[in-house]
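**Q** The chain contents come next:
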Amino acid sequence: MLTPLDFLHDLVNPMLTFLPKALVVSMVAALVCGVIGSHVVLRGMTFIGDAVAHSVFPGIAVAFVLQGSLVVGGIVAGVATAVLIALFSQTKRLREDSVIGVFFVAAFALGIVIISLSPGYAGSLTSFLFGSITGIPDEAVAFTVVMAVGVLGVAALFHKELVVVSLDREYARSLGMNVLLLDIVLYVLVTLAVVMSIQTIGNVLVLALLVTPATAARMLTDRLVPMMATAAGIGAGSAFVGLYLSWALDVPTGGTIVLVCTVAFLLAWAFGPRHGLLRARGGGQPSWRMTKPNSALLGQS
Amino acid sequence: MSEALAVRGLGVALGGRPVLHDVDLQLPAGGVHGLLGPNGAGKTTLFRSIMRLIPIHAGSISTPGGVGYVPQRHDVMWDFPITAQEVVLTGLTRDIGLFRRPRRAHVQSVADALARVRMTDLRSRPITEMSGGQRQRVMIARALARRPQLLLLDEPFTGLDMPTQELLTGLFRQLADEGTTLLMSTHDLTHAIVACDGLTLLNRTVVATGHPGELRSPKLWMDTFDVSEHSPLLRQVGMVHRATSLHQHPHADYEEQAC
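Chains as they are written, first to last, in the numbering used here: chain R, 1 to 301; chain H, 1 to 259.
The shape of chain R in the complex, shown without the other chains:
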């Protein structure tokens, strides 16, 4: 098997320029997903993250058919869905999870139909769904880095407000805060994190980058900012190790990165210093408390 040292050699091999590009894009995307995913996990809005991830697909399909920018197509479709979900989730009339279920499967179906209009779509479909490390253009690397700075910047600027809304929506409203606008901000950030990740991880597995590192980080800390930093670290580290293993073993990159994330989560779950399984056995805090869904967020707003 290829050793880590060989992998480092391959990274600087001029014949394999796609490899460092894939590494940068994967790691930056995973880092951003770790930070934004912390909000997703804490709000119990994993399903919304899933919906946004899937709804990006028709936009990418349209862009592919029209030979336009896949990233822009994905952003347009994702943001449109994010705004729709935010609007629908402000009323109590419809069960939010049902609405999301309707929307995102429809969006995904639309994407499949659109992309089938393009000749020779099967190969492209596979790379959209499961990711690909080849064929990332130089400008996509630069774009990913710029977008990461933008997403993290906006998340930092609205951090205080996002925390208030996550903690207690009703109270945020009573302070006179614009909860709908803040929801849209967060959903758009989720969309951008998803679009950044689709290239290497693929549409089907992108949810794992949002949820798994953040969930693992939650087992390790009781503070939000350290949780975000830990999640970013777990995500970026998993991307590095995952890319190495997929390169060494010749297996799909997206799947390998997600599996490495999952191993990180299992380790955190078992050995977490405060909430870990072993610690809980020893009379500490039960480790399953954090996964309780937030009823105040889902449907009661």
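It is worth saying that the hints were derived from the structure and are not from the lab. Just so it is clear, CB atoms sit at the ideal spot from N, CA and C, and this is done for glycine as well. Take the hints with a grain of salt, since some may be wrong.
To be verified - Which residues of chain R face chain H? A partial, calculated answer using Cβ under 10 Å:
#, residue
1, GLY44
2, ARG95
3, LEU157
4, ASP168
5, TYR171
6, ARG173
7, ASP222
To be verified - Now the stretches of chain R that chain H is said to cover, found in silico as 3 or more residues with beta-carbon under 8 Å:
#, region
8, 223 to 236
9, 256 to 264
Given chain R, work out where chain H should sit, using these hints.
**A** Chain H in isolation, oriented as in the chain R frame:
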């Protein structure tokens, strides 16, 4: 005396259905006031309209000294990785301003609010590791951070054991003595009669309001809670009234403090 809350002729409809009509309620500065009524009487709706969370279609509400809100505990995401003092700081989000960090005055307000609810020692503890009573005190501190004259508490005692309720009652008393007006909804009639300076019986509108000792007529309670004269509720209210008056007669001067 200045009023902490003045509600006049309030009417509220939710989804086209009238929930409150002709509600009049004036509270003076200082004191603990209980809001009693059956489920669906409009207690939370009254609070939400005072907080301007829902539109009102008739009447007026004024809170000249500011108002702090302590919603029901289940509205808060207690799994959130955040410490007590950070939660209290969220009460000042609007005062701090968008894209800005808390300044010295805000930090001081947080420290003062935590001190008032006797939570200074636990200020750095994550809320996940707190008991129900401690969480309730954190929420009260969050509301107090803006130094409002009026505090709305939506069922603060629900789910708390007796010692914790007693502790909170002491805290409410102390806040009231410092000049804050507390309006709390509760289903615990005994507790309300014993611990409140004033009571309001609400069912879509104000059925009666006054000192607990003035609300002895069973008819008021029957009308408010929609029960017959054989209801255990009336017996409970009557027994509490008898017990408090027996207790208070030999100590007439103690009455003011006890209630």
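**Q** It remains to establish, for every hint, whether it holds in the given structure.
**A** Quick rundown of the hints versus the structure:
1. GLY44: holds, 8 Å
2. ARG95: violated, 16 Å
3. LEU157: holds, 5 Å
4. ASP168: holds, 5 Å
5. TYR171: Interface hint status for TYR171 (chain R): holds (6 Å vs cutoff 10 Å).
6. ARG173: Hint holds; ARG173 (chain R) Cβ to chain H Cβ min 5 Å, cut 10 Å.
7. ASP222: holds, 4 Å
8. 223 to 236: holds (count 3)
9. 256 to 264: Three-residue rule not met by the region 256 to 264 of chain R, so violated; n is 0.
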